[in-house]
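Here's the letter readout for the chains.
2 protein chains.
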Amino acid sequence: MAIVGSGPAGLSAAINCIARNRSVTVLGRKIETSMLYKAELVNNHLGMPNMTGKEILTSFLEHSKRMNVEIKEGRVSQILPSGQGFMLSFENEIIEARSVILSIGISKPGEITGESKYLGKGLSYCATCDGMLYKNKNVVVYSEIEEGTFELDFLSNICKSVTYISHEPPNINRENVTIINGKPSEILGDEFVSGIRVEGDVIPCDGLFFVKKSVPINTLINGLHIEDNAIIVSRLMETNIAGIFACGDCTGYPYQLSNAIGEGLVAAQQCDRFLFNNVKLD
Amino acid sequence: MAIVGSGPAGLSAAINCIARNRSVTVLGRKIETSMLYKAELVNNHLGMPNMTGKEILTSFLEHSKRMNVEIKEGRVSQILPSGQGFMLSFENEIIEARSVILSIGISKPGEITGESKYLGKGLSYCATCDGMLYKNKNVVVYSEIEEGTFELDFLSNICKSVTYISHEPPNINRENVTIINGKPSEILGDEFVSGIRVEGDVIPCDGLFFVKKSVPINTLINGLHIEDNAIIVSRLMETNIAGIFACGDCTGYPYQLSNAIGEGLVAAQQCDRFLFNNVKLD
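Chains Z and P, in that order, give the protein sequences.
Going by my numbering, the first residue of the first sequence is number 1, and it counts up by one from there.
Going by my numbering, the first residue of the second sequence is number 1, and it counts up by one from there.
This is chain Z alone, in the form it adopts within the complex (with noise of 0.2 Å):
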């Protein structure tokens, strides 16, 4: 089995792949590079309170070491059907592999300035985990999709005030909420976010939270079947094409841990199973 990308969802499939005796290698990039990394504080994960992006990636990756996970960086850049499964091209390299589990999360582009500086300094990508941190405080939402309208209503009963810029304005009337029509320029602050600026504007804040839309993803397999920017996959994980398969945030919202952990082993033990049906060793 071949793994693309090595988060959370990616690491589940691959301890699980190893606990059903397959040979696994998993193709991902430096946990640094993972949105979670910069997390402050994440909470909503059972079994693991209070801990931080870094520190529950850094337990991920040491799992998998116990497990043996051979974890190889670098990107894949395509991925081609081939007489006996699939091949790979990763890097300089061809891996070739009998079935294929994607877990390569989802990319964020139209950057922000000031977006990788603050990250984890007072902006967040994600109100469940880091909304607490600003109970009465001051907060600015910039939502490109419709779920920046549930953030909002979330945030809205526990913040002080609440700031909505977007250009699809939502239906919530409040009297500690602001709507704005628009897009922010710049984040502002020294160490921390201190405020944004929007066509010309500042506005001061203590935290801010971004609710972007994900990039098409990469045309890494011709034929399979996206919709919304999200792989689309069945309850048990399977991609419209025989032999591979999907976890994590590459499969759509929820954008969340337990989520990326639940389905990668769901996706390991299909796969499993698809081997088992389809490939004969014996």
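Hints are computed from structural coordinates only; laboratory data are not their basis.
Some hints could be false.
Note that the list lumps identical chains together, so a pair holds whenever it fits in one copy or between two copies.
Claimed, not checked - Using 30 Å as the maximum straight-line C-alpha spacing, the simulated BS3-like pairs for lysine-lysine come out as follows: (1) Lys65 / Lys212; (2) Lys135 / Lys65; (3) Lys54 / Lys212; (4) Lys137 / Lys121; (5) Lys30 / Lys135; (6) Lys183 / Lys137; (7) Lys65 / Lys160; (8) Lys160 / Lys30; (9) Lys38 / Lys65; (10) Lys65 / Lys137; (11) Lys72 / Lys135; (12) Lys72 / Lys183; (13) Lys183 / Lys65; (14) Lys72 / Lys160; (15) Lys30 / Lys121; (16) Lys121 / Lys183; (17) Lys212 / Lys137; (18) Lys30 / Lys137; (19) Lys121 / Lys54; (20) Lys137 / Lys54; (21) Lys137 / Lys72; (22) Lys38 / Lys212; (23) Lys38 / Lys117.
Once you have looked at the hints, place chain P on chain Z.
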């Protein structure tokens, strides 16, 4: 929100309801009644390597306590629709909730003599979890369903011998596999499993794996769609009844920890959205 069931799926749902600032009550049973409680070793839940079922459940309860999850011990006997949501008959009380998350697990009826006694002492329900403990040893698999074939395939690759007892003989022909058409009547042993009785014969073994049918989910709720003893859910854990969600083992195969936790999170988030869209408190 009311959550019925206090296993991993239910507790994951509970902490995520609280992370979304919702009021929630968990109606469940003591952790000692969980099948996971007796697991000897769990190594395939990412981030929590090499733990017993009891250790894992204890850490889940601690996390839930930190998040102020309220757990009431007892049994829900019926759920009825009411004007504002649902009414749950719980012991001698009626509990009202706007929405319900079912995480009721599966029950394992038709106990074979010795089953409770030897669970975790040579008897396991999960080859993925415990198979490696019996590497190069002699094991018996008793299966009531087709899933048993996958466990046989897996175990016959790592164990010295596998005796497979079932009324549905599998299509596997290997030197170290013996197939018996039948049903066991008794587990034999002293402190630890030493064998199993099948139609008068005794088969000695080092370990036992049971792959059993679950029973029809009790008709807790009128009209709930169920197939193959699992509650039918969408990828977002919605059942066919608006306001009722389900997660964990009661939604079907695979019966695994990571999966239960992931589904619990998704059910909680979707339930949060349901309340946002359908219950106007402002």
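task: Hints the structure violates: just list their numbers, smallest first.
output: Hints 1, 5, 8, 12, 13, 14, 18, 21 not satisfied by this model.
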